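Chains as they are written, first to last, in this note's numbering: chain A, 230 to 530; chain B, 423 to 536.
Derived by calculation from the structure, the hints in this document are not laboratory data.
None of the values given here were measured: they were computed from a predicted structure.
In this text, a Cβ means the ideal position worked out from N, Cα and C, and glycines have one as well.
Check each hint, because a few of them may be wrong.
Unchecked claim - Over the 10 Å line for every Cβ pair with chain B, so calculated as not near, a few chain A residues:
1. ASP245
2. THR327
3. ARG424
4. PRO428
5. ALA430
6. GLY440
7. ASP444
What the hints assert, rightly or not - Pair by pair, the computed Cβ-Cβ distance ranges are:
8. LEU241/A <-> ALA475/B: 32 to 42 Å
9. ARG441/B <-> ASP407/A: 49 to 59 Å
10. GLU529/B <-> ASP444/A: 44 to 54 Å
11. GLU501/B <-> GLU317/A: 21 to 31 Å
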Amino acid sequence: MCTTCGCGDTSLVPVDVHEKILAGNDRVAAHNREHFAAAGVLALNLMGSPGAGKTALLEATARAAGGRWRLGAVSGDLATDNDARRLEKAGIPSKAITTGQGCHLDAQLVHDALHGFAWKDLDVFFIENVGNLVCPAVYDLGQAANVVALSVTEGEDKPLKYPVMFKGADLVLLTKCDLLPHLEVDVAQVMDGLRRVMPRAEVIQVSARTGAGMDAWVRWLEARKASLPRATGAVHVHSHAHPHVHAHAHEHRHADGTVHSHEHGHEHAHGHLHGPGAEEDHRHGGADHAHSTGSGHDHGH
Amino acid sequence: MHEYSLVQSLVGRVEDLVRERRATAVHRVVVSVGELAGLDPELFRTAYDTFRAGTLCAGASMELRTVPARWACPGCGREIPRGAILTCPACDLPARLSAGADEILLETVEMEVP
Chain A
230 MCTTCGCGDT SLVPVDVHEK ILAGNDRVAA HNREHFAAAG VLALNLMGSP
280 GAGKTALLEA TARAAGGRWR LGAVSGDLAT DNDARRLEKA GIPSKAITTG
330 QGCHLDAQLV HDALHGFAWK DLDVFFIENV GNLVCPAVYD LGQAANVVAL
380 SVTEGEDKPL KYPVMFKGAD LVLLTKCDLL PHLEVDVAQV MDGLRRVMPR
430 AEVIQVSART GAGMDAWVRW LEARKASLPR ATGAVHVHSH AHPHVHAHAH
480 EHRHADGTVH SHEHGHEHAH GHLHGPGAEE DHRHGGADHA HSTGSGHDHG
530 H
Chain B
423 MHEYSLVQSL VGRVEDLVRE RRATAVHRVV VSVGELAGLD PELFRTAYDT
473 FRAGTLCAGA SMELRTVPAR WACPGCGREI PRGAILTCPA CDLPARLSAG
523 ADEILLETVE MEVP
């Protein structure tokens, strides 16, 4: 108004935005998700308190399924690459993400970590988040599902105390169950708490030390893998995806050097991204579908 | 303490809007925070007050609107009481969370434009 009279006054306007504050993170997460889907990699965001047994769980996963699948991980911590080194030793190619003071991973950190890491050839890619039951729950990373490790030593009311973390979990792994005989923990009470914060409370009791429950966890991974867009494949994608994935697995099982496998990864990556490029549009329907059955409810924020 | 990183995202978004609209000042921002968004409103306010100094939001007050969480059955619509098991006792369906209850949204930015 004042521009018309020439007095030079400005006017105060309310601008409606109605946009997520983390829209920027969500865009990068969506981009990561597309990458994972295109390469047929099952990406999981593994969260839990410090000391819940996330790294031990992955080591045990390597023992239970390492012969069958190519596993890989990025592992977030404020300092040190200890976890990544432990995982490497267990046969899981890993990369550390040191966050400095950061209490969580975000989509950009994960995206940056993918560079120079042969993740495309993996069957299952674990994103081991910073040990923390609060902040990581807020950031979508592009994962297909959230897995929360909750150890039996943490107390029965953990789920009720940290509802946001558990609300977003697609699976809770109750870890360190070999310790139950030595503790006064009522597992039924833990389960009850989970059902009050998770609309679909899926829980597997495991022990990384004894291997108990690892078969159920591997079956869960298998089912998740099978429900990936490429595997369940709407129409077209199916025939295309399968030979590719298999070829990868075989080649890499025979390959001994990382350099070797890396080269292969590259060649194939091109085939994946460009060959089925047109397909990517087809697949979108399928991908979205799979996400909604997978992690859609918690990431549909 | 992800409140600081959220404030950073908020201020960044507001600064983008200011540039887009060639605004000369920001007076107020309105943010809605869902009860299950994983954000402590008080910490968020403290983080905002600390971080806004020296940014285009320095003179902008922040209004925080909290959005309560309500769970209901997606089948019959029955509300699940607070603290109860999140499955509909009648339909056996997993409860659905009310809109906005797990979101942090920048709702409105009040700015001065020439």
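To see whether the hints hold, each was checked on the structure:
1. ASP245: ASP245/A is in fact no farther than 10 Å from some Cβ atom of chain B, at 6 Å.
2. THR327: Nearest chain B Cβ is 16 Å from THR327/A, so the label holds.
3. ARG424: At roughly 5 Å from the nearest Cβ of chain B, ARG424/A sits no farther out than 10 Å, so the non-interface label is violated.
4. PRO428: 4 Å, violated
5. ALA430: 8 Å, violated
6. GLY440: 31 Å, holds
7. ASP444: At roughly 26 Å from the nearest Cβ of chain B, ASP444/A sits farther out than 10 Å, so the non-interface label holds.
8. LEU241/A <-> ALA475/B: 32 to 42 Å: 22 Å, violated
9. ARG441/B <-> ASP407/A: 49 to 59 Å: 58 Å, holds
10. GLU529/B <-> ASP444/A: 44 to 54 Å: With a Cβ separation near 48 Å, GLU529/B and ASP444/A satisfy 44 to 54 Å, so the hint holds.
11. GLU501/B <-> GLU317/A: 21 to 31 Å: Violated: the Cβ-Cβ distance is about 50 Å, outside 21 to 31 Å.
Checked against the numbered hints listed earlier, the structure breaks hints 1, 3, 4, 5, 8 and 11; every other hint is satisfied.
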